[in-house]
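Chemist: Listed below, chain by chain, are the residues.
Protein chains: 2
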Amino acid sequence: MRSIILATAALALAYPASAQQQQQQVPGFVQASAPPAEAPPVAPIPAAQQRTIDRLQAAALESDHAYEIVESLVSEVGPRLAGSEAEARARDWAVGMLRANGFTNVRIEPFTLPYWDATREEAHIVSPGIERPMVAAALGGSPSTPEGGLTAEIVRFADMAALEAAPNSAVAGRIVFIDEHMSRAQDGSGYGVAVRKRGRCAPVAQAKGAAACLIRAVGTDTHRFAHQGGSSRQAQGASLPAMSISPADADVLANLIQRGTVRVRLDIRADIRENAQSGNVIAEIRGRERPDEIVLLAAHLDSWDMGQGAIDDGAGVAIVSAAARLIRDLPRRPRRTIRILLAGAEENGVHGGAAYGQAHANETHVVALESDFGAGRVWRFDTRFAESAAPYTRAFQRALSPLGVLPGNNQADGGADVNAIREAGTPVVDLSQDGTDYFNYHHTPDDTLYAIDPAALRQNVAAWATFVYLAADTDWTFRGAPAAQ
Amino acid sequence: MRSIILATAALALAYPASAQQQQQQVPGFVQASAPPAEAPPVAPIPAAQQRTIDRLQAAALESDHAYEIVESLVSEVGPRLAGSEAEARARDWAVGMLRANGFTNVRIEPFTLPYWDATREEAHIVSPGIERPMVAAALGGSPSTPEGGLTAEIVRFADMAALEAAPNSAVAGRIVFIDEHMSRAQDGSGYGVAVRKRGRCAPVAQAKGAAACLIRAVGTDTHRFAHQGGSSRQAQGASLPAMSISPADADVLANLIQRGTVRVRLDIRADIRENAQSGNVIAEIRGRERPDEIVLLAAHLDSWDMGQGAIDDGAGVAIVSAAARLIRDLPRRPRRTIRILLAGAEENGVHGGAAYGQAHANETHVVALESDFGAGRVWRFDTRFAESAAPYTRAFQRALSPLGVLPGNNQADGGADVNAIREAGTPVVDLSQDGTDYFNYHHTPDDTLYAIDPAALRQNVAAWATFVYLAADTDWTFRGAPAAQ
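Chains as they are written, first to last, in the working numbering: chain A, 82 to 566; chain B, 82 to 566.
Since the hints were derived computationally from the structure, they do not count as laboratory data.
Misleading hints may appear alongside valid ones.
[To be verified] Sample of chain A residues lacking proximity to chain B, with all beta carbon distances greater than 10 Å (derived):
| # | residue |
| --- | --- |
| 1 | Ala167 |
| 2 | Val236 |
| 3 | Asn249 |
| 4 | Ala471 |
| 5 | Ser482 |
| 6 | Asp527 |
[Unchecked claim] Coverage of chain B stretches by chain A, computed from C-beta distances (three or more under 8 Å per stretch; other residues unrestricted):
| # | region |
| --- | --- |
| 7 | 147 to 156 |
| 8 | 203 to 213 |
| 9 | 330 to 339 |
| 10 | 523 to 529 |
[Said to hold, decoys possible] For the chain B half of the interface with chain A, some residues (derived, Cβ under 8 Å), not all of them:
| # | residue |
| --- | --- |
| 11 | Pro160 |
| 12 | Arg170 |
| 13 | Pro248 |
Using N, Cα and C, we set each Cβ at its ideal position, and we do this for glycine too.
Kindly generate the complete structure, drawing on both the sequences and the hints.
Modeler: Here you go:
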């Protein structure tokens, strides 16, 4: 009995008022002088809609449609670097996949971007001992090294702060090696800390006269992979070659430096071009009552090229497409338009998201969200809504609760490809995925289907179908001002 | 109390007779007409020796000396392909390490071998879709492909038996792809089954007119690594190019073949030479009473070159060296000679073990054992002794029991580098390591220090010190005939 009592108490905390109570409070929601003990208002979900939600969730949890989509993308296209021929093929694949799933207005919206690809990315320990290779990846945007490579002594710093504090004399002419580790966290917050070295090593080291930058790969695993990723070289005006190396190689460097001088050769051949072709792929379920009000579901089509692009972001492509397909299969379309944005060229600068924001600035986006954090189960629901929308937030929380999704905060990010429209005022949400293991695989050759748990993928589709259906089949608005239309 | 009673009962099962009972039965051991309920005889361990064993085990379990040895080898030498300059440097490192640990007669015994190294080993899916790389490794002994690579349609077989059953017409001109998986087992027995495809694909496929061989890597992990390893091409007279590919790449091939024709390009550049230099490194603790009786401890110095040679076989080098060092630190040397053999060129044909067997055929090896199965804890003690030596086996079992080592069988293998002297009649034992995870790392870039659990390494040293000390400080013999001298 004890456990049952506790469980009931926990439910009471999460949902202080019954659905019936809530319905009595609607409309109005904000009770200015309500006593503190009063339950906060929850927007009601009519019984017919709740039945639809239940059906969507049940259908999602027993379908491997999302897995089939990502398997198709991985098998038939594979890695697809931004601006490459493979990315163009991914767009064709996406158009075919979206049409086959019965969406309308399927189209490609092209844009151009500066292209970067490393056709060679090698690093060797030259001395002490016999020359030997490290497992290395050029950082996105890195220039080529001189023909034959760039050989210099390395100087190790435990973190970026140590480099920043170092005198120029300790750095000049050397290859800076930032040996900072990354912390594992469910919400992925270790990434924001660790990734600074990827973006800032080159400009800071160059200002001190360094020859190149080398970083311990930004990741939480101990496998022999060098995580890829963009540097902010271009934005910062730096032009130093920059690479990441695997944890085991970073350890060897650290061990050897304790014994004496270590010389390393970096060899990068970068293919850099302006005005490469990319594009966003768009598809819709046209709204039956308010077609100009758009619920935007995003993921990105491009990937880094050492992996197969399964969790970054084939999983996101699959989750949003499979969730939308479940809604398309309902007896009638939701009131608002559901739009899928499969963005191009996210990894090297969010070019697709920016292009979408420009092209669609004048449309009414009710809410936007992106799936781009792997394939872990959704564990939390975050919003970035006006305070007045709190009752809707609680209604979404309640609808998502059977899937094990916890209430979150009101500081949602939305995702890189919806940044532009978020900054233009569009409310966003995060169906936050469990990222405990995400940075084991992120931007490595190990980004394969093995990194996807099919059960977690099904739960993602259920959460997405729930949120998207409810957001699209109501007239709820989440902005501070009255609804735009 | 209950748990104590159970524990006592368990001990009674493992050791049916007390030490005192056993001592009454010595000498004699074999009680021809003993009733079935009688306890089997156990050779007694005198109290002073038992105290030494206890001290050795305690010292081993609190020392990271073995870890320091393997860290030194990995950091200062790294990968060391048989016959390479790096392997020569590993011999120099070994001589220095063995001398620093106070062993005597430290020396290199050179030999030559046929050299093989892949200076290029690439594989691509050519069609369908955009050409893309697979993660691949050339199999040891593979010839080069023609300039520009070898491109052909692949034909998939679920296992070697399916290839063997196929008509020549299904194979001729194609690249055979053996997609067989490997089973995980504590004793590593899945390897013997799975590795057949590595050795037999090329000769069988060539006999049927195939263009090349491709295998799903022999391993139990799902990471994006292609396990290296020798093929038996040379022994079988085959000359087909042969490669292994990672599990995720094998899956993509399998998925694409279900959809239609798949073409693949293999590109191997092999450096093949006769009479490359290698050598065994030998060191001793000279026996104080019977110096001509040798207890042989083996491990191998060479490694495949994609990894760092940490668990294969840096760990073995460290375990045997650290165990012998503990014995060397005792107040007096054991009766018999303890000899360390750090063999060269194991991976590409056990050339070092064969050279040792030839050079030392006339010496008296009391017993031999090798550490070459990673760094997992010792979980079982196996012997290959005459039946008359069973009481010694039981004494060893008892001495090893505090370390959690289980009694095993009398079909020990000894290890590849002691095969030659085993076949010449030397008794061998296996301090069998837990290999549950070994084939996740084996022959991959992931063979790094991260694959070593320092606590398991300490337990290995304790088990080795126990066995070696006891074997060397007694006059026990394990051969069928009376002792050779």
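Chemist: Beyond 10 Å from every Cβ of chain B: is that where the Cβ of alanine 471 of chain A lies?
Modeler: holds (44 Å)
Chemist: Beyond 10 Å from every chain B Cβ: check whether that's true for asparagine 249 of chain A.
Modeler: holds (30 Å)
Chemist: Quick one: work out the minimum CB distance from valine 236 of chain A to chain B and report holds if it exceeds 10 Å, violated otherwise.
Modeler: The assertion about valine 236 of chain A holds, with a minimum of 18 Å to chain B.
Chemist: Would you settle whether the hint for arginine 170 of chain B is holds or violated, based on the nearest Cβ-Cβ distance to chain A being less than 8 Å?
Modeler: holds (5 Å)
Chemist: If you count the residues of the region 523 to 529 of chain B with a beta-carbon closer than 8 Å to a beta-carbon of chain A, do you get 3 or more?
Modeler: Contact hint for the region 523 to 529 of chain B vs chain A: holds, 4 residues under 8 Å.
Chemist: Holds or violated: proline 248 of chain B as interface residue toward chain A, Cβ cutoff 8 Å?
Modeler: This hint is violated: proline 248 of chain B lies away from chain A, its Cβ roughly 28 Å from the closest one there, beyond 8 Å.
Chemist: Examine the region 330 to 339 of chain B: at least three residues should have C-beta closer than 8 Å to a C-beta of chain A.
Modeler: holds (count 4)
Chemist: May I ask you to test the interface hint for proline 160 of chain B with respect to chain A, counting a Cβ-Cβ separation under 8 Å as satisfied?
Modeler: Constraint on proline 160 of chain B satisfied, holds at 6 Å.
Chemist: Taking 8 Å as the Cβ threshold, is the statement that the region 203 to 213 of chain B is covered by chain A upheld or broken by the three-residue rule?
Modeler: As far as the region 203 to 213 of chain B goes, the hint holds, because 5 residues have Cβ atoms under 8 Å from chain A.
Chemist: Just double-check serine 482 of chain A for me: nearest Cβ-Cβ distance to chain B has to come out over 10 Å.
Modeler: About 33 Å separates serine 482 of chain A from the closest Cβ of chain B, which puts it past 10 Å; holds.
Chemist: Could you let me know if the closest chain B CB is still more than 10 Å away from the CB of aspartate 527 of chain A?
Modeler: Given that some Cβ of chain B is not farther than 10 Å from that of aspartate 527 of chain A, nearest at about 5 Å, it is violated.
Chemist: Using C-beta distances, would you say chain A covers the region 147 to 156 of chain B, given that this needs three or more residues below 8 Å?
Modeler: Contact hint for the region 147 to 156 of chain B vs chain A: holds, 3 residues under 8 Å.
The earlier numbered hints that this structure contradicts are 1, 6, 13.
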